[in-house]
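Visitor: Full structure from sequences and hints, please.
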Amino acid sequence: MLTPEEIRELEADLAHYPQKQSGCVDALKIVQRRRGWISDDTLREVAVYLEMTPEELDGVATFYPVIFRRQVGRHIIRICDSVSCWIMGYEKVYSALNGTLGIRLGETTADGRFTLLPSACLGVCEHAPALMIDDDLIADWNPGNVDGILSRYP
Amino acid sequence: MAVIYIDNRPYTVKDGQNLLQACLGLGFDVPYFCWHPALGSVGACRQCAVKQFKDEHDTRGKIVMSCMTPAADGVRISIDDPEVREFRASVIEWMMINHPHDCPVCDEGGECHLQDMTVMTGHVHREYNFPKRTFRNQNLGPLVNHEMNRCIHCYRCVRFYRQYAGGRDFDALAAHDHVYFGRSEDGVLENEFSGNLVEVCPTGVFTDKTLKRHYSRKWDLQTAPSICVHCGLGCNTIAGSRYGQLRRIRNRYNGEVNGYFLCDRGRYGYEFVTGDSRIEQPLARPERSAALERVARGEALQRAASFLRDRGRVIGIGSPRASLEANYALRRLVGPDRFYLGVSTEDYRMTAAALKILQAGPARSPSLKEVRMADAALVLGEDVTNTAPVLALALRQLVHPKADAAAKTFDLPSWSDAAIRELVQDEKESLFLATPAHTKLEDAACQTYHAAPDNLARLGFAVAHRIDPASPAVPDLAEEVDRLAEEIAAALVSAKRPLIVSGTGCCSEAMLQAAANVAWALCRRGNPALLSLVLPEANSIGLGLMGGGDLQSAFQALREERADTVVVLENDLYRRESAAAVDAALQLAKHVILIDHTRHAMAEKADLILPAATFAEESGTLVNSEGRAQRYYQVLLPKASVQPSWRWLGLLNEPASGTADEELFKLDGILADIAGELPQFRPILEIAPPSGFRMMGQKVPRQSPRSSGRTAIDAKENVSEPKPPEDPDSPLAFSMEGDEGLPPPALIPRFWAPGWNSDQAVNKFQAEIGGALRSGDPGKRLIEPQVGAQPDFFQTVPTVFEPHDGRLLLVPLYHIFGSEPLSALSRGIAELTSGRYVALHPADAAAQKIAEGDTVQLELDGISLELPVKIAASLPPGVAGLPSGLPGMEHVALPSWCTVTTILQTPPLAPPQNGEGVGGGVGAQS
Ligand code: SF4
Ligand code: SF4
Ligand code: FES
Ligand code: FES
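Keeping their order, the protein sequence lines are chains A and B.
Position one of the first sequence corresponds to residue 1 (this note's numbering), numbered consecutively onward.
Position one of the second sequence corresponds to residue 155 (this note's numbering), numbered consecutively onward.
Calculated from the structure, these hints are not laboratory results.
Take these hints with a grain of salt, some might be off.
What the hints assert, rightly or not - Straight-line C-alpha distance at most 30 angstroms; calculated DSS-like pairs for lysine-lysine:
hint, chain 1, residue 1, chain 2, residue 2
1, B, Lys556, A, Lys20
2, B, Lys582, A, Lys20
3, B, Lys286, A, Lys92
4, B, Lys934, B, Lys820
Said to hold, decoys possible - From chain B, some residues computed to sit far from chain A (all C-beta separations above 10 angstroms):
hint, residue
5, Asp323
6, Ala328
7, Gly489
8, Val941
9, Thr987
Everything numeric in this text was worked out from a predicted model, so none of it was measured.
C-beta atoms are modelled at their ideal positions from N, C-alpha and C, and glycine is treated no differently.
Guide: Encoded structure:
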C-alpha cells in the first residue's frame, strides 16, 4: 500500500502533467526515494495508482538505470566505464573498490551498505577517471584514498 | 501509378506504397523483419536496406530503409548493389550475435522467417565467439510458448499485441541488448488474439503450445484450406495433420475476411477433433432401455433403413453448425416440409429478422475488410469480442479521421505507422459502443453506454431519428441519452464509410430493427452505410437461407403424431431448448437417429448414432455472417467408419444401396443438387473449382514436396508403400505429388514459395501486398443489399426499461472461451473457460445483502439454478447477467425475468483470476 505521505507527494508532482501516466518516471523516483528500490509489489501499487498495467510501468522502470528493480545498498557507487575513464584508469578504480568491498559490479555488500554499478560517461571526461557515490561526483580519483572516501558514507 | 527504377530497369507500381511493398509485389526478394503489411512500417530492424540514387548520373547513392521510403514516381534504387548487400548481411550477423543456434530443436524451424532471411542475405559465417545473452522464459498460459533467447528485437510482437489488438499485459521491458518481450510476471496472456504472436514473430520466441504436444514440422504436415467453425465469421484457416491426427490451425490469408489474423478460439479450438468425446463407431441400442453398443457399419445402415422405412413419418432436425451439404442432404432425405432448422424459436426469429433486413434493405453487409476501412462505427447490443472476436479486432482498426486527413495534408502515407500514431496520439476513433455491460473493446471506443437491451434499442432508434426525422421518434428519452444519440448521429453522418454493428447477442429483435433504421436512415441521405449483423454459428446464415421450421415446430410434429422418427444432424438440442421440452418431445419419438462427431447429452436419447466427420475430415460449404459462402476441405482421413454427415444422409436416402460404396455420393453431385433446387445457393458452384479440376493435368498436393517418411510411415503394417488415398470430392490430393504452381485461391493448401518457408510466403500469393490474393479472395456472397431501396422504417420503439419489483431481467453474457461448445472441449481453451456464475449489479446485490462469491438460487420460468455471484458494476440496475452456453450450464431462454435468493454466504474471495471475469474477462474493469 502506498503511504499517505507517498500519495500526497505523488499528487503534488503529477499535477504537473496532463495525464498521470506522463509522470510515471517521477512517480517511480518518489517512491524509490522512500523505499530504496522498486519491488514487484511496489511496482504494482504504483501502477494501479497511475492506471497503468504492471507491464507498462515495468517497461519504464526497467529502461532507466536509476530505477532499481532489485534491492540495493544504502549507497550506490557508479564507476564510469566509458572511453576517457577507461583510458585514464577505470580498471584501477574498479579493483580498488572491489578489493576493499569484496563485491563485483552489480553486487551489494553483505552489510547492505554499498552497491557497485557501472555507469556510462558521467560528463566529466577532463577529470577522468570519475565515479559517483550517491549524488556526489568524485573526479580525478586516486584510488589510494579508498577508505577515506567510503567512510563518508556510513 | 508511379514508375520506379530497380537496378536500372523501370517498373510501374501502384501509388502510395513504400519501396519494400513495391519490390515484394514485383516479386523481388528484399529481406525484412519489422515491417508487416497489417502493422505498417517503423524502420526498427534495418534489414530492408536498399540503395537509393538521386538520378541516373548518381553512382554513389545512399543506403535507405525501403520500408520507410515512398515508392514515388522516378525513384531509383538498387537491391543488388554490393555495398547494400553487405549491409543487409551484416544486419543478420549482428542479430545472430545473440540468437541461439538451436534451429533443430526450435518449433519455428522450417517455417522461420529468420532462417529464410538469413539464407536470403547470404550471411553464412559468424565470427562472434563469446557468450550469448540468455533470458528466463515465462509461462504465458496454455496457448503460447515463450523462448526469449531467440528474439531479434524487431518489436513486431508488442506492436501487434498492444497497438493492433489492444492488449496491455505485455510489453517491451529493459533496454540495450537485453530488451525483453513479455509480461511483468508469469501468467496467461489476457488478449484473445495472443495466438497471432506465433505468426507475427519472425522467429521462434512465440510458438504454438498446443502443437508442442503433437509436434510436426511444417513441411511434414498434410494441409488443406479450411474454415473456422467456432463463430459466424468464417475466418479462413489452414488445418494441418500428420499420422491421421489434426495437429494445428494456422491463419489462411483472405483479404476480404480475416486478413492476417485469427482469434484464439479459432486457432486453439481444434482439439475437439482428437478429443475423448469423439464418436468413432456407429452405436445402437438393441432396445430403447438398453445401453449403446458398437455396431458394424452395415448393420447401422440396415437399422437406419428400417427406422426410415415409413418416410412420411420421419422428420429431420438440421443444425447451424453443420455444412450446407449436410443440411441439404437431410432436407432431401425427409422432404422440405419435414425439415427443421434445429434452432430455438428465438434464434429462428432473430436469424430470419437479420436476413430480411440484409436482403430487403439498402445497407450492405460488409466483409471484415470493409469493417477495417470504416471511419465511424456504432455497435448496438453486441459484445463482439466474445461473440465474433475477429470483428472486434477489425473494429479496433477503424480509420481515424485524422489519419485520413493527414494522408492529404502532410502527404503522410497510411503505412507510416509511427508517424500516424504520433499524430493521432490518444485520440479515439469514432467508435461508439452500446452494450448491456462492460466489454473489452471499450478502451478503443470514444463513447460507451451500458443499458438494458430495450434501452439500447431506444438509443439506436433515437440515433436513426436524429439522422432522418422520418424514422420514428423515441418518446421519454432521457436527456443524456438524447445527447449521446445526437453525438453518434453527427459522427455517422460526417463519416465517409459509416458502419453499424449489431447481432443476435441480446436476443432482441428491436435491437436489430434499431440498427437497421440507423443504417437505412444513413443510406437515405446518400451515406453508404454498412450494416454488420453478428449471427452466432458457423452456418447460421446458410441455414436461414435454406429455410425450414424451428425446433418447437419439430416438437409439435411429434406431439401431433405427424411423425415418430427423428434424424438429428450435428446438434445438441439441449443447448437449444429447455431440457424438459427436449425430453418430452424425444419421448414421443419411436426412433431417434443422431449423426454427429462429438458426444453430448443427445447421445442418451439416440437409438442409433452414426459417426460424422468434423470439419477436418470432410469437405463442405459454410455461409458466414457477411453472407459469404466458403468452401473448406478435408485435411485428413477419418477413422474407419467416420464419414461426412452428408454422405451418411445420402446413403440413408438410398436404402437399396445401403451397403453400396459412397462413390455414389460426391461433393460435386450434392453441390449441383443444392444449386439446382435452391437458386439462392447457385453461386456456391463458383466458390472453388470442381473435383475434376487439374493443374497441368495434376491435382493440388496436400503435402509438401519435402514431406518425409512416406515410404516408412506405414512400414510397421506393410513394407510396400500404399497407394495414396483418393479424394473424390476435391481437386486436392492426399499426396506430395501434384502441381506445385499457384493454385486457385480457394485451393491454397499452404503458403510456401522457394526461399520463403514461413507464413510470410503469402506475399507471393497476393496480387498486391496486403491486398487480395491473386485471382481474387475466395468466397461468394449470397446476400446483396437492394441498392437505392427505401424500405419503411421499423416503427415499434420499445418503452423505457423499468426494473420490476423484486425481479431482475436476466440477459446473456458471452465468453470467447466457453460459450461455444466445440472449442470448449479443447484442452487449452477448457483451461481458460470461466466457471458458472450469475452477475449482479452492486445495488441489486446490496438490496438483498448478497456479496461476491455468495451462492444464490435463480428462479425463472420453472427453472431453478444454483450459482455463485459475481458483482458487475457495469450492468444496469435491475439487470442480471448469465453466461451463455458454458459447459455444464443448462439451457435457459433469455432474456427472461428471474428472482434471486441467497442460499449460501461465503467469505469474500480473492479478486477474480484471469479468464474468470464477467462476460469474457471483463470482471477486472467492471
Ligand atoms: S519476440 Fe519476436 S516479434 Fe517480438 S521483438 Fe522478438 S523477434 Fe520480434
Ligand atoms: S473470429 Fe470466429 S471464425 Fe474467426 S477465428 Fe475466431 S472463432 Fe473462428
Ligand atoms: S568517460 Fe568517464 S566521465 Fe566521460
Ligand atoms: S523492415 Fe524496414 S527497417 Fe525493418
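Visitor: Look at each hint and say if it fits the structure.
Guide: Results for each hint:
1. Lys556(B) to Lys20(A): With a Cα-Cα distance of about 25 angstroms, the restraint between Lys556(B) and Lys20(A) holds, given a limit of 30 angstroms.
2. Lys582(B) to Lys20(A): holds (18 angstroms)
3. Lys286(B) to Lys92(A): holds (27 angstroms)
4. Lys934(B) to Lys820(B): Holds. Lys934(B) to Lys820(B) sits at ~21 angstroms (cutoff 30 angstroms).
5. Asp323: violated (6 angstroms)
6. Ala328: violated (4 angstroms)
7. Gly489: holds (58 angstroms)
8. Val941: holds (46 angstroms)
9. Thr987: holds (23 angstroms)
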